[in-house]
Amino acid sequence: MKKGKLRVNERRKTMSVYFQIEEYHRPRDLAQAVDILSGFGNRARVIAGGTDILPRRAGVKKIDNINHLVDISRLGLDYLKREGDHIFMGAGTTINTIGASPLFLSGPYGALSDAAGAHSTSTIRNRATVGGNLCNASPCADLALPLLVLDAILVAAGPEGKRHIPIENFFKGVNYTALNNEEVLVEIRIPLCSEKTGSSFLKLRRHQTAIDMAVVNVATSLNCRENRCEAAGIALGSVAPVPFRAKKAESMLAGAKLSKGIIEKAAVAAAGEARPIDDVRSTSAYRKKMIAVLVRRSLESSMRRCGQ
Amino acid sequence: MFESHIAVGKSLERIDGVEKVTGSAKYATDIRLENMLHAKLIRSPHAHAKVKRIDTSSAEKLPGVRAVATILEVPKVIEYWFSLRTEKKKKQMFLRDNVVRFMGDPVLAIAADDQQTVDKALSLVKVEYEPLPAIYDPFMAMEETDVKIHSRGNIAFKVNKDYGDIQEGLKKADIIIENTYRTSKQKHAALEPFGTCVALYQSNGKLTVYSSTQLPHWSRHYLAGALDLPLNRVRVIKPHTGGSFGGRCGLIHGLEVMCSWLSRQTGRPVRMSFTREEDFIGTETRHPMTIRMKTGATRDGILTATDVDIVSDVGGYGTHYIGVIADCLSTGVGLYKTPNYSFSARAVFTNKSPCGALRGYGNPQMNFAQESQMDIIAEKLRMDPLELRLKNYRELGEIDPVLNEKILSNGLRECLEKGAELSGWEKKRHQWKRYQRSVKATRNRGIGLSIMLHGTGAGKALPDPASATVMINADGSVNLITAAADEGQGNRTVLAQIASETLGIEFEKISVSETDTETTPIDCGTHGSRQAYSGGLAVQAAATEARNQIFAYAVKELGAAEDQLRIKDGVIFEINNPDNKILISDLMRKTQIEDMNVCEQVIGSAAGVAPAMPGYYGAVFAEVEVDTETGEVKVLKLTNAFDVGRAINPDLVKGQIIGGGVMGIGFALTEGLLIEDGRILNSNFSDYRLLRACDVPEIVPIIVESDEPTGPFGAKGIGEGCMVNVASAISNAIYHATGVRLTDLCMTPEAILKGLEER
Amino acid sequence: MKKMDIKIHVNGDWYELAVNSGDRLVDVLRDQLDLTGTKEGCGEGECGACTVNLDGKAVLSCLILAVQVDGCTILTIEGLQRGSELHPLQKAFTSESAIQCGYCTPGMIMSANALIYNEPEPDEDTIRKNLSNNLCRCTGYDRPVKAVLKAAKDMKGDTNV
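As they're listed, the protein sequences go chains A, B and C. Read in order, the letters of the first sequence are residues 1 to 308 in the numbering used here. Read in order, the letters of the second sequence are residues 1 to 759 in the numbering used here. Read in order, the letters of the third sequence are residues 1 to 161 in the numbering used here.
Don't take every hint at face value.
[As the list claims (entries may be wrong)] No more than 30 Å apart at the CA atoms, straight line, and that leaves these computed lysine-lysine pairs for BS3-like: (1) K3/C to K81/A; (2) K428/B to K2/C; (3) K26/B to K289/A; (4) K637/B to K3/C; (5) K161/B to K52/B; (6) K509/B to K91/C; (7) K50/B to K148/B; (8) K57/C to K10/B; (9) K634/B to K3/C; (10) K161/B to K91/C; (11) K634/B to K260/A; (12) K52/B to K289/A; (13) K568/B to K91/C; (14) K637/B to K150/C; (15) K433/B to K289/A; (16) K7/C to K418/B; (17) K634/B to K150/C; (18) K634/B to K288/A; (19) K7/C to K90/B; (20) K289/A to K509/B; (21) K171/B to K89/B; (22) K146/C to K10/B; (23) K460/B to K380/B; (24) K61/B to K288/A; (25) K509/B to K129/C; (26) K81/A to K129/C; (27) K120/B to K153/C; (28) K61/B to K57/C; (29) K10/B to K7/C; (30) K171/B to K265/A; (31) K61/B to K10/B; (32) K171/B to K10/B; (33) K247/A to K289/A; (34) K7/C to K634/B; (35) K257/A to K289/A; (36) K153/C to K637/B; (37) K509/B to K2/C; (38) K61/B to K2/C.
Calculated directly from the structure, the hints in this document are not laboratory data. Keep in mind that this is a model prediction, so the values were computed, not measured.
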């Protein structure tokens, strides 16, 4: 709670200044992108859709030392395909492409299509990419939550080649990820789920308006066989420095016979795992209450989607 | 009622539509002059401080830096045009000192060849402050004697007004309801940010300022006063404006005067343009108010007494603070025939961003309190809230005690009846209530209503001049010269319609002048829902005079008596002998050019003040659905009926009702600046949330026409009133849905949930 | 700030421009090409006043660097008109009283233009969702939604972007 308050104050001590872009680089391939990033160290930053980097938003602090942008938007990173036992998603895939993809309309991946639709306005979604949403590492990143419950694997390219990072290990803090300065997130891999899986995403907006940042956002997934839960995923956003899985709540569901009662209990347990803060958007107390409501509603929805 | 012939009562297309859809309409932000300098402000990081020292020496050494102006020499404009009435008061309008009174208060501006140089120069300026204790709470500010925000103290204005005998009234009451209401610091959030201006001071001693002001002529006075120039050396041009809603009701704090000052130093045009953040932190807002209200009524639902005490938070500087309180008084006392009304109010300075006019003035705050009280009384008396209103509202023919004017038109009953019918009030009121009792639902529906009265114009309270000139050209076309500032509502179109109807000349032949003080006679500006009424009366009078001159020529030409002549579609004819006719264009060519003994143009002019300040009325029926687990409110539908006297252009009136309705929902549910230790936390559109298309419910606009006898073709106002009672209706609907009474705006899900838990 | 040369196709013409690396598309359109019909309302991608069409999609010109659109096709409000005749969207916005202050109008029209290009027969709900790209403080959105509905019918899929 304290931490959040401090952050808000600090952010707004001065009028906003936005970081000065000295030079823009458009590498011809991934290797060159990694080279440029390695050359400039922490003075360079990757840009794709630009919707997190370019807003001149009040309260966004100047990042003094970053003044080189490396544009990865023309490196062929926008693809979406199902092959073998994975769905492969290029990091440069726009949120609108994900929202419109028939791949995610069915029960197991419904949460992804929900989250893409809830992300922002469609003009933003035309530019914003899934990679950007993850790398910006906002506590309320919408796309992070479905990818967390779907156990996505993130592929990063760096000077040493590619490495795989399970999404659970990716978020390290507010605007801070497991990537090194010279690395580029290139792909997201989603393991195929059993048909008996259903997932959903819900977001409570601050102002009861349809397009807004989340006060609380959640994604859940349930794998059920005849009303018995074989595996459950619950991911929470906006209630801790990073989006995360509510493991205790998940374990209450795994193996259990699904009922109103157990879902309610798991939802309350999920709320217990959150560490929300007070900020300009909401209070910690309200957020905590809302997690229980949203998790319950999302689990109910995921249950309905099982076997769809 | 007047029968329309050609223009009045018709939804004609607005005159500036094509410019606006093609992108060719120029707004202040689009104006670039040759050789133009760019300027920017340094704003105070302290909420209250003395500026001890300003060191601009390094900045001034930077190549391309042309001028510096600081608050030590450039005056701030405080107060509003009421002060122009006397030389003594006028002097007090201009404050020149070394104190900053809110976080974001301008300290100095630099003008340079380009924006990058300005930014660089500003970073080289050193300002030394002596921080002073800051006060953010108006109640503390009233008690505090050691910290004075202005030299005259922290209480900017204080008033007590009594009508009847409040103690008597309370004695007669069977029930007395007392509550305290608090309203938010709403921002105008016009899509074109407040704060763009280009000023050019030329070597001939003339200052031209492009400013999006609602009050071009008063702004000219303010600039002349601040720069000590004669009025005829100041020219204010108002280009297209991206919305104002009261926030451009004067000059923008730190903008036009600064720019003009910098231009006078350099002889070059100077442009300054605020960012959205500067709009949020540095320009005026609605006055947040704390309203304690005690209302008494008999068992039969007759109001006997209202006792109200208001504390209005003015912020660091005041402009409209007296007018806003006067509006609380006149709308509060005026709406119901409560015989005993005691009104007291204080407007108090705090170290927050300045407050001013915002659509509705003080009425939305007052209405929220008063209409909530009415709903509570109805509940306690088990009376239909609609019936309680009908029993108590001040009717046609009664005297409004504040204005001491007889009510000459009042369509409130029709507003209530039509609104109730179209919203299905009675049925929903009962069905939804039953549903809530019978089911443990998580989504409860409710319907609530509220009414309002708002004055048209400001004629009884402020100098309120209006004038117009109508010139008939040799081809029969017409130039309408007016300073009416169109902020987007379409008043220039409405005035053209009035001119067209009065003259009998087709609407397409009327051209409306640019809004430029150099070429137009004085007009009070666009505020107080006044242009269709006050501006319209001036145009009607000018057009009537022009028409009479046309008739005088026609009498000679057609040999008919003047009272036998009529004009329709550009033809003058004898009523009983329609073949005896002449085209206006033929007659005008003849008198202006052909007949060299005449060579006279028909020019009709009128100037003066409207004879009254007629009230216009409205009823809002709001339907909501409350998620009882999250506290979220979804507004399902609004049915908004407004008595506008006469709709000159029904589509434009509906546009006001729908747009005002949405702004009202914002005031109710999402809007308000959040301030912590003097710092505004939500100074962007991501955190200050306006409704979007998908958030907006169906709004059913209903126009009621009561035919105001003093108005042009019966017209009164609409622009402000249509947002006034939306919040109160929504609050009453939330109560109907949940039994939760909210007294603070905006009504957040969290507050609703808390109410539900405490229920 | 390093200057870069770019070539962009705007409203039917190719332009070769030298721009700063940090210049946003909205800056270049307004300040270099004098296309001031594209407005800036917030600079943070919330209000939609700066919406233009980029290769057939509605995008926010305040959230794109000019250097990023090198080689791309851009349509702004000034390029919508066909000769002297107003575009069906422009006509509908005037005839349906969908304009008040007009500051959001170019952005709204360009947002709707891309919608109709990609989805020639949008229903009211789709239009309402799409116009949620654009903040408007005057109209309450009702009339703009109706105007787009009318224009889509009038256009029958005949679009340009």
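Quick rundown of the hints versus the structure:
1. Straight-line distance between C-alpha atoms of K3/C and K81/A comes to about 38 Å, which puts the hinted pair past the 30 Å bound.
2. A hinted pair counts as satisfied when its Cα atoms are at most 30 Å apart, and K428/B with K2/C does not qualify at roughly 65 Å.
3. With a CA separation close to 50 Å, the supplied pair K26/B and K289/A exceeds the 30 Å bound.
4. Distance hint between K637/B and K3/C is unfulfilled; the C-alpha atoms sit about 53 Å from each other, more than 30 Å.
5. Restraint check for K161/B and K52/B: not satisfied, since their Cα atoms lie roughly 43 Å apart, outside the 30 Å limit.
6. For a cut-off of 30 Å, the pair hint linking K509/B to K91/C stands: about 21 Å separates their Cα positions.
7. Only pairs whose Cα atoms come within 30 Å are accepted, and K50/B paired with K148/B is accepted, the gap being roughly 12 Å.
8. Using a Cα cut-off of 30 Å, the hinted pair K57/C and K10/B is violated, with the two alpha carbons roughly 38 Å apart.
9. A threshold of 30 Å between alpha carbons decides the hint, and for K634/B with K3/C the separation of about 50 Å lies outside it, so the pair is violated.
10. Using a Cα cut-off of 30 Å, the hinted pair K161/B and K91/C is violated, with the two alpha carbons roughly 53 Å apart.
11. In summary, the hint linking K634/B to K260/A is supported, as the alpha carbons are separated by about 26 Å, within the 30 Å threshold.
12. Note on K52/B and K289/A: the hinted pairing is violated, with a Cα-Cα distance of about 50 Å set against a maximum of 30 Å.
13. This hinted pair checks out: K568/B and K91/C have alpha carbons roughly 29 Å apart, not beyond 30 Å.
14. For the suggested pair K637/B and K150/C, the alpha carbons sit about 23 Å apart, so the restraint of at most 30 Å is met.
15. Among the hinted pairs, K433/B with K289/A is consistent with the structure: their alpha-carbon atoms are about 27 Å apart, no more than 30 Å.
16. With a C-alpha separation of about 60 Å, the suggested pairing of K7/C with K418/B is violated against the 30 Å cut-off.
17. Of the supplied pair hints, the one linking K634/B and K150/C holds, its CA atoms being roughly 28 Å apart against a limit of 30 Å.
18. Annotation: proposed proximity of K634/B to K288/A holds, straight-line Cα distance about 22 Å (limit 30 Å).
19. For the proposed pair K7/C and K90/B, the alpha carbon gap of about 56 Å is over 30 Å, so the pair is violated.
20. A hinted pair counts as satisfied when its Cα atoms are at most 30 Å apart, and K289/A with K509/B does not qualify at roughly 64 Å.
21. Straight-line distance between C-alpha atoms of K171/B and K89/B comes to about 43 Å, which puts the hinted pair past the 30 Å bound.
22. Restraint check: the Cα-Cα separation between K146/C and K10/B comes to about 19 Å, which is no more than 30 Å; the hinted pair holds.
23. At most 30 Å may separate the alpha-carbon atoms for a hinted pair to count; K460/B and K380/B exceed this at roughly 38 Å.
24. With a C-alpha separation of about 56 Å, the suggested pairing of K61/B with K288/A is violated against the 30 Å cut-off.
25. Between K509/B and K129/C the alpha-carbon distance is near 40 Å, which puts this suggested pair outside the 30 Å criterion.
26. About 28 Å separates the Cα atoms of K81/A and K129/C, which keeps this hinted pair within 30 Å; it holds.
27. For the hint linking K120/B to K153/C, the alpha-carbon distance of about 52 Å lies beyond 30 Å, and the restraint is violated.
28. A hinted pair counts as satisfied when its Cα atoms are at most 30 Å apart, and K61/B with K57/C does not qualify at roughly 47 Å.
29. A hinted pair counts as satisfied when its Cα atoms are at most 30 Å apart, and K10/B with K7/C does not qualify at roughly 49 Å.
30. For the given pair, K171/B sits about 55 Å from K265/A by alpha-carbon distance, which is inconsistent with the 30 Å threshold.
31. Of the supplied pair hints, the one linking K61/B and K10/B is violated, its CA atoms being roughly 61 Å apart against a limit of 30 Å.
32. Among the hinted pairs, K171/B with K10/B is inconsistent with the structure: their alpha-carbon atoms are about 52 Å apart, more than 30 Å.
33. Between K247/A and K289/A the alpha-carbon distance is near 18 Å, which keeps this suggested pair within the 30 Å criterion.
34. Restraint check: the Cα-Cα separation between K7/C and K634/B comes to about 48 Å, which exceeds 30 Å; the hinted pair is violated.
35. Distance check on the hinted pair: K257/A and K289/A sit about 25 Å apart at the alpha-carbon level, within 30 Å; holds.
36. Distance restraint check for K153/C and K637/B: the Cα-Cα separation of roughly 27 Å lies within the 30 Å cut-off, and the hinted pair is therefore satisfied.
37. Distance restraint check for K509/B and K2/C: the Cα-Cα separation of roughly 54 Å exceeds the 30 Å cut-off, and the hinted pair is therefore not satisfied.
38. Between K61/B and K2/C the CA atoms are separated by roughly 25 Å; this keeps the pair inside 30 Å, and the hint holds.
Of the numbered hints given earlier, the model fails hints 1, 2, 3, 4, 5, 8, 9, 10, 12, 16, 19, 20, 21, 23, 24, 25, 27, 28, 29, 30, 31, 32, 34, 37; all others are met.
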